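K.L.:
Sequence:
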Amino acid sequence: MNLRIGEAWNKMIDRIEGWVDQLIISLPNIIIAVMVFILAIILSKYISRLSLKLLGKSKLQPSMRQVISKLVSVFVILMGLFLILGILDLSKTLNTILTGAGVAGLAVGLALQGALANTYSGIVLSYVKHLKFGDWIQSNNYSGEIVDIDLRSVTIKEIDNNLVYIPNKLVLENPIKNFSSTAQSRVILDCGVAYSSDLEFVRKLVIQTIVENFKAVETSKEVIFLYTAFGDSSINFQTRFWIDSTSGLEVLKEKTNAIIAIKKAFDANDINIPFPIRTLDFPKSIEIAGN
Numbered sequence: 003m004n005l006r007i008g009e010a011w012n013k014m015i016d017r018i019e020g021w022v023d024q025l026i027i028s029l030p031n032i033i034i035a036v037m038v039f040i041l042a043i044i045l046s047k048y049i050s051r052l053s054l055k056l057l058g059k060s061k062l063q064p065s066m067r068q069v070i071s072k073l074v075s076v077f078v079i080l081m082g083l084f085l086i087l088g089i090l091d092l093s094k095t096l097n098t099i100l101t102g103a104g105v106a107g108l109a110v111g112l113a114l115q116g117a118l119a120n121t122y123s124g125i126v127l128s129y130v131k132h133l134k135f136g137d138w139i140q141s142n143n144y145s146g147e148i149v150d151i152d153l154r155s156v157t158i159k160e161i162d163n164n165l166v167y168i169p170n171k172l173v174l175e176n177p178i179k180n181f182s183s184t185a186q187s188r189v190i191l192d193c194g195v196a197y198s199s200d201l202e203f204v205r206k207l208v209i210q211t212i213v214e215n216f217k218a219v220e221t222s223k224e225v226i227f228l229y230t231a232f233g234d235s236s237i238n239f240q241t242r243f244w245i246d247s248t249s250g251l252e253v254l255k256e257k258t259n260a261i262i263a264i265k266k267a268f269d270a271n272d273i274n275i276p277f278p279i280r281t282l283d284f285p286k287s288i289e290i291a292g293n
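Per my numbering, residue 3 is the first one in the sequence shown, and the count goes up by one each step.
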């Protein structure tokens, strides 16, 4: 029994001595590997800052610049780790890692098809010239100001100040209406006047009111006035004019101002804006209770 314990003890001592010898032999490589790792960390930070600076000259969105610079930093660190494995003579381990990474990458790719599609779409959107922070857009039945574009979604702020996150894939695959692509926006206002109104006078009054109340409208030729239909209780018209704004909220504000101004002008000139009237005819044979 004592003999077996002694043999086991000797084998353990021999194993530990072998490990110590191997550690001493590999010590220079370990020191070099540590130095390479530290250098990779420092280099990754420097390259990340450099890439961010270079991307600053591009038309990419700020959020996309940050993401790309971080990806570059991670890539540099991974290259450093692979170099360290080579220095430590862990080629078998490296091959195992690469094989496992390939299999895992295939599995992850199949499982995250939607996420990868959004990531690709986000990169494409970051290169779109006419889509940037602060633009007022309409997409997928949502409209608002772009506040962020990342690898997952486009974030817009609606008029009610709520944030909507639209997946990049949907934004890329569906039509986008950008109200900020031009310096001006058009205000379209529908209204109606009574059948007894002087239609020529109404047209002149509306055009004059628009010109006097909006600085962007310099002459009456810039206001479009069209009678559109004979309604049930009114003759309907539509007026259109441009304002110096690309915000959907500003368009609604100016439309409100136009409604107020036109209503005041109509009241001052005894022009009626009728509302629907219903006339009920009862047969003479019907007796009304209480009579």
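Treat the hints loosely; a few may be bogus.
Said to hold, decoys possible - Distance condition first, Cα-Cα at most 20 Å in a straight line; then the derived SDA-like pairs of lysine to any residue: (1) 265 with 198; (2) 179 with 206; (3) 206 with 221; (4) 47 with 72; (5) 206 with 226; (6) 266 with 234; (7) 47 with 57; (8) 217 with 252; (9) 266 with 246; (10) 159 with 135; (11) 266 with 247; (12) 266 with 250; (13) 265 with 200; (14) 265 with 254; (15) 159 with 191; (16) 72 with 39; (17) 179 with 244; (18) 265 with 199; (19) 265 with 154; (20) 206 with 161; (21) 47 with 79.
Keep in mind that the hints were calculated from the coordinates and are not lab data.
On a predicted model such as this, the values are computed, not experimentally measured, just so you know.
K.L.:
If you check each hint against the structure, which ones fail?
P.N.:
Numbers 2, 6, 9, 11, 12, 15, 19, 20 - these are the hints that the structure violates, sorted from lowest upward.
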